[in-house]
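Colleague: Each chain, letter by letter, is given below.
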Amino acid sequence: MSIAVTTQLICFSILSLVVIIGALGVVLLESIVYSAFLLCGVFLSVAGLYLLLNASFVAAAQVLVYVGAVNVLIIFAIMLVNKKEDLKPIENLNSRRIISTSICLTLLSLLIRVDLSTVWIIASPNSSIGEESTYRIGEHLFSDYLLPFEVASVLLLMAMIGAIVLARKDVMNQDISTGLPVDQELIEKTKEPFLINKN
Amino acid sequence: MENGLDLEYIFNEFLKGLGLSSEIAHIIWLPFPMLLVLVSAVVGVLVTVWLERKISAAAQQRIGPEYAGALGVLQPIADGLKLLVKEDIIPAKADSILFTAGPILVLVPVILSWLIVPFGQDLLISNVGIGIFLWIALSSIQPIGLLMSGYASNNKYSLLGGLRAAAQSISYEIPLALSVLAIVLMTNSLSTIDIVNQQSGAGILSWNIWRQPIGFIIFWICALAECERLPFDLPEAEEELVAGYQTEYAGMKFALFYLGSYINLILSALLVSILYLGGWALPIPVEIIAKFLNIPLNAPLIQVFTASIGIIMTVLKAYILVFIAILLRWTTPRVRIDQLLDLGWKFLLPISLANLLLTAGLKLAFPQFFGG
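These protein sequence lines map, in sequence, to chains W and A. Position one of the first sequence corresponds to residue 58 (the working numbering), numbered consecutively onward. Position one of the second sequence corresponds to residue 220 (the working numbering), numbered consecutively onward.
So here's chain A without its partners, still in its complex pose:
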């Protein structure tokens, strides 16, 4: 695959031109992509919160936020500021060390997982070889944070919420990993870049959603369950558990949970678009359009243009999925805990195992369509 824009190389060459050694140039470069991804994740959260407010209002025939900025776009910033200046309370009988460490353990793995989200051929922080496996491993740390905060709050609702959250994320992690495994089987690689490139053959027709329809549905259900979105928001079921493991939290510690859950939602949507919807690829391949319009793809300006189109496509696909998730939240009832566990263990797990077996069989039978 031809390398597109390599910003790191250009930046390092620029610093070397100023007389710095390549190692120092590398160290100066390192924070930039991380900061960029962190900022884009937080901005993504703000957009999602605004969307959630507006769409829920539309679903309930209300208007929603209107006065803070045009169409209420400044409302999420006001929410964030409110949480930032609120008093940070630790309950008297709570375990203060674990109470503080809990939200951190929930948020950090989610943000670390952004390491592997590609927005273009070279537009990701690190193309690590274990790629998508890193995300699966990191997301398995989260239940510990939830259990920790549930226990440390010294409150029965919190403890029950924490236990439910951990049980839920353990049981949905297995079908999730198995459906990712089917994709990896087709790609012969764990790297997210390779997974997208494998789908780039014939535009929309070669996206994995057509080859893995069962896997796509399993992955989406499990991703919703991992994000604790309705219909699977049992850990914080208001009517039963007040707010689950978040009950005792206030101020910035609560905001960490809030941020974590929304960043996780956006991350899941991005990963669905990368694994099943062709990532940064257009529905019609760029090569064909360029050939049709007679434009050379190697020209620098065209490369900047295609890279920005790629970012827009990835984000657009992700936000369509976020829209579906929000719509689901405001239109479906919540399942019971036994129904949730039954669905995970007795339905999704066997189906995803069968899907894996089917994929392996199809790969042997039709190597040209299912990645030889």
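For reference, chain W alone in the conformation it holds in the complex:
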């Protein structure tokens, strides 16, 4: 075995170990902050796997979108939620765990079955396009994948407008979920000098 192949093998095994252990940690750890940070590690190692496959553009996009945007947003949301309340203990936790584990294992076996039964077309190493992939992705996005690309952008626009409407309650007079009129006093609080009130 040549040095390059050995290095690739070592990198691959380390990255896949990190992905598997990290993902298990995300699900199983009690602390939600740890889960969020471990998710970042999982995303980074997936980017590393893309790099091993010579898809550097996809790897960089993975880091930028998943680590730099999605994960930062998740951590932000966790840290800005400032509620100190004890969560109610969940009933029949053990039976719930058993059911979810068995569902996950079934899905895993299904995936393994698909993996083993499909005949994968493995491109020869010489046909890899490497650095040219950036151009190819661009060409595909603006020719045969134009419609999905545009639909995705419309979807994102809708999500953005929705988020703005939800965040700015003063736009709506009625609460969307309950149908009750929105309490406008909650939005613009008048400042009361409390030192004067106390006397």
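Derived from the structure by calculation, the hints contain no laboratory data. Take these hints with a grain of salt, some might be off.
Unchecked claim - Footprint (simulated), chain W over chain A, 3 or more residues, beta carbon under 8 angstroms:
#1 346-357
#2 384-392
Stated by the list, open to error - If you only want the chain W side, here are some residues facing chain A, beta carbon under 8 angstroms, derived:
#3 SER92
#4 ASN128
#5 TYR202
Glycine included, every Cβ here is placed at the ideal spot set by N, Cα and C.
Given chain W's structure and the hints, the job is docking chain A onto it.
Modeller: Quick look at chain A alone, frame taken from chain W:
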């Protein structure tokens, strides 16, 4: 483009002459450029710290460091040694794993980004195809490290500082990436080497700063914000937040933050000089000078000479920008957090989008000037 000096090739040929296989020669070669870049980054930090002390002293009509070496040049080394031997404290109620991992996550992406900084035609660690995009992707990891250290310190000032730092770097990353995109549009390539070569046509006149003046200003403002330099140093605003996410850190862990912020400053200055100021190119192209003096450019000695001139030019341009950044730090007041976010989202983002649109239009209208 004619290849200049190829040190890797010469080195590998030398090792092959000693009877080693080409793969082993490659592995022996690999650490050298990385070590060189790491050392030059750290030396760059020392120089910048000294400059910061001296320039701030001049701005405040003081003398500044004077006794440690001539003109105080050894002062930054003394600072570094002090941080190295200080006790490494982890607060009792802090989360020790995240507390340790935070500074590492801040520093490593910055150093990795040096991978794509070219000092000459072949003088960079790796001419990866995604080039400048790698830097944008890597710099987006940093906020996670900041949030991590802010959370792990178990201190309200640290948490607020970390949240502010992450909010700031997320909001300034978008205009930054859009202004880089305008350059990429003109170059038709993401590679930093191609970006410099595209500007090498007519010396100083063909630098991107004349074709992308708006992009240049946006990039510089955003780079300052990403480095958390004043006027945008809100994450560590002393009067409000003690020292932001660094409050609980001491010793070498604090030094990692310190190093990270200065390496980031130098990196940003280098990237401005590569993207907008022609990188290693002289204001008058080397080809014209060589023709004027009747020197063949292919002679080995001349190549060494032009390569060193290139390195000096890149570093010189970068340090002029560092000087401007330091001068800005000691002469401008800090903006408020709402002003900072307003500037990023309501001003820089629309302007940079308009700049991108304008660049695309100009590229279609005048392909010979804006890269066909």
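Colleague: Give a verdict on every hint.
Modeller: Structure-based check of each hint:
Chain W is given as covering the stretch 346-357 of chain A, and this holds because 8 residues of the stretch bring a CB closer than 8 angstroms to a CB of that chain, at least three being needed. With 4 residues bearing a CB less than 8 angstroms from a CB of chain W, the stretch 384-392 of chain A meets the requirement of three and the coverage assertion stands. Interface restraint check for SER92/W: the shortest CB-CB distance to chain A comes to about 13 angstroms, outside 8 angstroms, so the restraint is violated. Because the smallest distance between the Cβ of ASN128/W and any Cβ of chain A comes to about 7 angstroms, under 8 angstroms, the interface hint for this residue holds.
With 8 angstroms as the threshold, the beta carbon of TYR202/W stays out of range of chain A, its nearest partner Cβ sitting at about 20 angstroms, so the hint is violated.
When each numbered hint is compared with the structure, violations occur for hints 3, 5.
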